[in-house]
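Going line by line, the protein sequences match chains R and V. Residue numbering for the first sequence follows this note's numbering, starting at 1 and increasing by one per position. Residue numbering for the second sequence follows this note's numbering, starting at 1 and increasing by one per position.
Calculated from the structure, these hints are not laboratory results. Model, not experiment: these values are computed from the prediction. Cβ atoms here follow ideal geometry from the backbone N, Cα and C, with glycine treated the same way. Hints should not be assumed to be uniformly reliable.
To be verified - 20 Å max Cα-Cα, derived EDC-like pairs, lysine to aspartate or glutamate:
id: 1; chain 1: R; residue 1: K99; chain 2: V; residue 2: E99
id: 2; chain 1: R; residue 1: K99; chain 2: V; residue 2: E63
id: 3; chain 1: V; residue 1: K41; chain 2: R; residue 2: D66
id: 4; chain 1: R; residue 1: K70; chain 2: R; residue 2: D83
id: 5; chain 1: R; residue 1: K99; chain 2: V; residue 2: E52
id: 6; chain 1: R; residue 1: K56; chain 2: R; residue 2: D66
id: 7; chain 1: V; residue 1: K66; chain 2: V; residue 2: E99
To be verified - Far from chain R, by Cβ distances over 10 Å, these chain V residues were calculated:
id: 8; residue: E22
id: 9; residue: S89
id: 10; residue: I93
id: 11; residue: G107
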Amino acid sequence: SQQGEEDPQALSIQEGENATMNCSYKTSINNLQWYRQNSGRGLVHLILIRSNEREKHSGRLRVTLDTSKKSSSLLITASRAADTASYFCATDLRSSASKIIFGSGTRLSIRP
Amino acid sequence: GAVVSQHPSWVICKSGTSVKIECRSLDFQATTMFWYRQFPKQSLMLMATSNEGSKATYEQGVEKDKFLINHASLTLSTLTVTSAHPEDSSFYICSARQEPNEKLFFGSGTQLSVL
């Protein structure tokens with residue numbers, strides 16, 4: 001089953017611009033994580049935000065979490081060509097601590 | 001950072017044969033391992049969760065007898081696709097977690113093609 005929906009499904013921006021991806025989920029969570037996947041490869045963990053946190057930063061990444069709306073956003077500032085990848089949110093469900101469910105993903109393309 | 005090794009990276013097999021995929025945590029002990037399946041340009045669908053020494057917990061709709069998962073040690077989990085058919089062709093990815101660390105470390109995935 002899929003917990004999260006992301007939008008947009010695809011995003012194409014110019015290098016240097018900021019990219020924003022949104023994630024909505026359905027049930028209560030322990031934390032929400034963002035991952036990146038290059039085509040045909042495994043996923044790389046980017047950032048984790050806990051259910052009692054509202055915002056978190058890591059380098060050019062900024063994540064927000066609104067548990068009342070069951071939504072999160074990932075902002076990548078000053079995008080680079082190397083940021084081209086698919087980005088997924090993943091929720092660590094409160095009802096089942098060992099289950100992590102992924103959202104539908106956003107395919108990000110950075111134009112040079 | 002933690003490394004998870006998954007192999008083979010790709011496999012082509014004939015319909016009716018069984019294929020085993022291995023997932024190893026190289027520098028940490030994985031209390032929990034997850035197996036996901038991914039179709040082209042789609043998200044990861046959780047197939048099952050396995051804990052060392054216990055039976056895997058399968059997601060609804062995933063056939064236990066079709067996708068055999070063994071988590072024999074804290075560093076190794078295997079997924080065996082039994083009697084594979086073309087509809088089983090997909091990208092399979094494992095991930096591992098070491099409690100109390102909440103984030104997942106992923107293998108590089110296995111592309112299975114069943115002819």
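Next item on the list: Quickly compare the C-alpha distance for K99/R and E99/V to 20 Å and report which way the hint goes.
Entry: Distance ~13 Å between K99/R and E99/V Cα, so the pair holds.
Note to self: Need the status of pair K56/R, D66/R: alpha-carbon distance at most 20 Å?
What the structure shows: Given that 20 Å is the threshold and the Cα spacing comes to 12 Å, the pair holds.
Check: Taking only the CA atoms, is the gap from K70/R to D83/R under or equal to 20 Å?
Finding: Violated: K70/R and D83/R sit about 26 Å apart, past 20 Å.
Check: Has the given pair, K66/V with E99/V, been kept, meaning a C-alpha gap of at most 20 Å?
Finding: violated (29 Å)
Check: Non-interface claim for G107/V: all C-beta distances to chain R beyond 10 Å?
Finding: violated (5 Å)
Margin query: Does E63/V sit within 20 Å of K99/R, going by the straight-line distance between their CA atoms?
Written below: holds (18 Å)
Check: Is K41/V close enough to D66/R, meaning Cα to Cα at most 20 Å?
Finding: violated (27 Å)
Item checked: 10 Å Cβ clearance of E22/V from chain R -> Holds, because the least Cβ-Cβ distance between E22/V and chain R comes to about 14 Å, which exceeds 10 Å.
Next item on the list: Report holds if the minimum CB distance from I93/V to chain R is greater than 10 Å, and violated otherwise.
Entry: Answer for I93/V: violated, closest chain R Cβ roughly 6 Å.
Next item on the list: Report holds if the minimum CB distance from S89/V to chain R is greater than 10 Å, and violated otherwise.
Entry: holds (14 Å)
Next item on the list: Sort out whether E52/V lies within 20 Å of K99/R, counting only the CA atoms.
Entry: Within the cut-off at roughly 15 Å; holds.
Checked against the numbered hints above, the structure violates hints 3, 4, 7, 10, 11; every other hint is satisfied.
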